[in-house]
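There are 2 protein chains.
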Amino acid sequence: MLELEVKVGDLRVPERLLLGPGPNGIEPRVLQAMAMPTVGHLDPAFIEIMNETSALLRYVFQTKNELTIPVSGTGSAGMDCVLSNLIEEGDEVVVAVCGLFGERMVDIAERCGARVELARAPWGRMVEPDEVRKALSRLKRPKLIALVHAETSTGVMQPIEEISSICKEVGALLVVDCVTSLSGAPVLVDEWGVDAAYSGTQKCLSCPPGLSPVTLNERARKVIHERRSKPKSWYLDLTMVERYWGGERFYHHTAPVNMIYGLREALRIVAEEGLEQRWRRHALNAKAFIAGCEAMGLEIFAQEGYRLPSLITVKVPQGVDELSVRKYLLSEFNVEIGGGLGELKGKIWRFGFMGYNSKRKNVELALAALASALSALGRPTSASEAIAAADEVYREARA
Amino acid sequence: MLELEVKVGDLRVPERLLLGPGPNGIEPRVLQAMAMPTVGHLDPAFIEIMNETSALLRYVFQTKNELTIPVSGTGSAGMDCVLSNLIEEGDEVVVAVCGLFGERMVDIAERCGARVELARAPWGRMVEPDEVRKALSRLKRPKLIALVHAETSTGVMQPIEEISSICKEVGALLVVDCVTSLSGAPVLVDEWGVDAAYSGTQKCLSCPPGLSPVTLNERARKVIHERRSKPKSWYLDLTMVERYWGGERFYHHTAPVNMIYGLREALRIVAEEGLEQRWRRHALNAKAFIAGCEAMGLEIFAQEGYRLPSLITVKVPQGVDELSVRKYLLSEFNVEIGGGLGELKGKIWRFGFMGYNSKRKNVELALAALASALSALGRPTSASEAIAAADEVYREARA
Numbered sequence: 433m434l435e436l437e438v439k440v441g442d443l444r445v446p447e448r449l450l451l452g453p454g455p456n457g458i459e460p461r462v463l464q465a466m467a468m469p470t471v472g473h474l475d476p477a478f479i480e481i482m483n484e485t486s487a488l489l490r491y492v493f494q495t496k497n498e499l500t501i502p503v504s505g506t507g508s509a510g511m512d513c514v515l516s517n518l519i520e521e522g523d524e525v526v527v528a529v530c531g532l533f534g535e536r537m538v539d540i541a542e543r544c545g546a547r548v549e550l551a552r553a554p555w556g557r558m559v560e561p562d563e564v565r566k567a568l569s570r571l572k573r574p575k576l577i578a579l580v581h582a583e584t585s586t587g588v589m590q591p592i593e594e595i596s597s598i599c600k601e602v603g604a605l606l607v608v609d610c611v612t613s614l615s616g617a618p619v620l621v622d623e624w625g626v627d628a629a630y631s632g633t634q635k636c637l638s639c640p641p642g643l644s645p646v647t648l649n650e651r652a653r654k655v656i657h658e659r660r661s662k663p664k665s666w667y668l669d670l671t672m673v674e675r676y677w678g679g680e681r682f683y684h685h686t687a688p689v690n691m692i693y694g695l696r697e698a699l700r701i702v703a704e705e706g707l708e709q710r711w712r713r714h715a716l717n718a719k720a721f722i723a724g725c726e727a728m729g730l731e732i733f734a735q736e737g738y739r740l741p742s743l744i745t746v747k748v749p750q751g752v753d754e755l756s757v758r759k760y761l762l763s764e765f766n767v768e769i770g771g772g773l774g775e776l777k778g779k780i781w782r783f784g785f786m787g788y789n790s791k792r793k794n795v796e797l798a799l800a801a802l803a804s805a806l807s808a809l810g811r812p813t814s815a816s817e818a819i820a821a822a823d824e825v826y827r828e829a830r831a
Numbered sequence: 433m434l435e436l437e438v439k440v441g442d443l444r445v446p447e448r449l450l451l452g453p454g455p456n457g458i459e460p461r462v463l464q465a466m467a468m469p470t471v472g473h474l475d476p477a478f479i480e481i482m483n484e485t486s487a488l489l490r491y492v493f494q495t496k497n498e499l500t501i502p503v504s505g506t507g508s509a510g511m512d513c514v515l516s517n518l519i520e521e522g523d524e525v526v527v528a529v530c531g532l533f534g535e536r537m538v539d540i541a542e543r544c545g546a547r548v549e550l551a552r553a554p555w556g557r558m559v560e561p562d563e564v565r566k567a568l569s570r571l572k573r574p575k576l577i578a579l580v581h582a583e584t585s586t587g588v589m590q591p592i593e594e595i596s597s598i599c600k601e602v603g604a605l606l607v608v609d610c611v612t613s614l615s616g617a618p619v620l621v622d623e624w625g626v627d628a629a630y631s632g633t634q635k636c637l638s639c640p641p642g643l644s645p646v647t648l649n650e651r652a653r654k655v656i657h658e659r660r661s662k663p664k665s666w667y668l669d670l671t672m673v674e675r676y677w678g679g680e681r682f683y684h685h686t687a688p689v690n691m692i693y694g695l696r697e698a699l700r701i702v703a704e705e706g707l708e709q710r711w712r713r714h715a716l717n718a719k720a721f722i723a724g725c726e727a728m729g730l731e732i733f734a735q736e737g738y739r740l741p742s743l744i745t746v747k748v749p750q751g752v753d754e755l756s757v758r759k760y761l762l763s764e765f766n767v768e769i770g771g772g773l774g775e776l777k778g779k780i781w782r783f784g785f786m787g788y789n790s791k792r793k794n795v796e797l798a799l800a801a802l803a804s805a806l807s808a809l810g811r812p813t814s815a816s817e818a819i820a821a822a823d824e825v826y827r828e829a830r831a
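Order-wise, the sequence lines are chains U and Y. Numbered according to the working numbering, the first sequence spans residues 433 to 831. Numbered according to the working numbering, the second sequence spans residues 433 to 831.
Among the hints, a few may not be true.
For identical chains, the list gives no copy identity; a pair is met inside one copy or between any two copies.
Stated by the list, open to error - Once the Cα atoms are required to be at most 25 Å apart in a straight line, the calculated DSS-like pairs of lysine-lysine come out as:
#	residue 1	residue 2
1	K662	K575
2	K496	K439
3	K662	K793
4	K572	K654
5	K572	K600
6	K747	K759
7	K654	K779
8	K439	K719
9	K719	K654
Treat the hints as calculated values from the structure; they're not laboratory data.
Can you make the complete structure from the sequences, with help from the hints?
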């Protein structure tokens, strides 16, 4: 018999304030819900919970789509699931790429055997609809256009409606990644004519990571039902998953019961607040944080006018070591923020104020802590102007 | 704006005693661990938790394999992950099939583009090693042999060692599904020469569903690293997942942090008890339950000598309605058991005594409740002989 290599003690976790790209701002009520006794995945009581979760997701996605469910994996599972169910070998697709998550979509579409044309923008800017038109013009029969509504790597929010019109013109499906925007900014699946969308639980929904809400309209569903070949992933095969979530309750895989308890509670909290109020709250706190940063002489990375209210990207000033600032915030304040990914490594910080954590207290703490860190690390910065600038935003909002 | 369709109240879940095929017997300590505050998936504190979880999994799998991690999905995600990473278009594989989960492996292998030969046994029996030899003889260069150690649909435990020797002879990889056996019966990955194995959390590990522990040895890992093509699923691509779990901590997808808290606690409880004691406990409780069933005149479905200690299949007697019995147990006792799947629908019950729920109290309650249900539904059955037979097993064990 092999013995255990190490001694493993009681679970102890530090109490971080999560102000990074996610997980972010977990609701205490959600953690309590997750600790409720597990029931069977075919229990009549659980089936009611599944129905309620789907209804809540429809509200949050602003859709009437019947097929609106949490996929049993984290946000990237939703991306993989939606794309690999819709795309078959030889299909032509356009992906709008202006950051890491657009690139990930390309990788997935290529694994599905698609011919992929890119509509590009530099990281930090949104993709112009004209770029989408150009990419489409290189294809004979484009099946779908995929884009990221909330590019978590750059902090950019991509406008959807004009690209949706282009989709209608060419008869392509529109697939939207709203992992970092759902419930933090308007995501209007039906009104915008989005055919399929997916999200994650650990961003503005304020639930731990582990599930990926997805929604597909009847047009997208028909495409899946009329596939010539089975989707490559058995686990993410929506034609089977929908038989479990639909009236049939056909056993596919064992649903992550306690995670679904948590998601249901998280969505209920969104509904209690109301989506429009929640969007306003995120927008206000983002505005205050940006004002504070600018008062400190910092620059925002994402293109003006197209900034996410849930995730703000800040350029690292000349001469400041990006990682040292994050380490300082973590060790001195127990505050987690994000660094840059890919080509932005070392160049930006990513501050998330999502769901439960999108509040004035956190905005002003983040500004104060950032000023302290910069001062401690060789760039003397006074917090007072930053705080005053943020205060002014809140004052105006109340007026 | 679309409004919420339904009113969703506070989360209320019935307190079921889960004695079915899983989820089964969740440890209260695990639920508490899952409710701990979420930290970031790249937090130094979480990295320590990941390392401990891998070390604990190595002990439970009885392996020194470095690549031993929980995949971010339920048990079927582990099956999909292991097979779709090891198999490429055109590969030849043998799958041993004697139940639903063997059939699922065939489906997945075919989606990967494999040529699949079956080694079959009737549902309820184990697959004879000779059948594996025959299947192999129909192939030129078999790459792997996949089999289910614990066939959850039939209650059969498949011996591994002889088939492992056959694998060695032909130079094929051995892939083993131990979803329903891990920690409930011996699973000796290194000693048996298993190249890759996967399991689920919601069976004998007594953690809610949501993760799938997998382990691959260096031989299997090399096969993955030397693939000619990328695995079809981005989400389950082990070459990327291992860079997150390994020393690099390269971001792939956001790990389900709180589920991993739960798994770590569940594994710690296994280590506290000790694997050998845990296997003995499962074997004893299964023996007592079987003795009780037989004393009631019921027949066990799975082949004698090859029965799982964690999941016992009982034939539905002539004239008894299978579903009515399960409904009676659920409504009168809050006890969940499982029915038959596929060709066994209506023909068997599946009783699970796994992990936390493998205890005398539950065995005797299940016998008493089953006797009551049968009596109420037209087959007068006395509990006293069943209880006496089970008692006798426990008495002998103490002697």
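Each hint, compared with the structure:
1. K662 x K575: This pair counts as both: shortest intra-copy Cα distance 17 Å, inter-copy 23 Å.
2. K496 x K439: Classified as between: cross-chain Cα gap 16 Å, same-chain 51 Å, threshold 25 Å.
3. K662 x K793: neither (50 Å within a copy, 46 Å between copies)
4. K572 x K654: within (21 Å within a copy, 40 Å between copies)
5. K572 x K600: This pair counts as within: shortest intra-copy Cα distance 15 Å, inter-copy 50 Å.
6. K747 x K759: The answer is within: 17 Å in one copy meets 25 Å, while 61 Å across copies does not.
7. K654 x K779: Classified as neither; 44 Å inside a copy, 36 Å across copies.
8. K439 x K719: Cα proximity of K439 and K719: none, with 48 Å in one copy and 33 Å across.
9. K719 x K654: This pair counts as neither: shortest intra-copy Cα distance 42 Å, inter-copy 50 Å.
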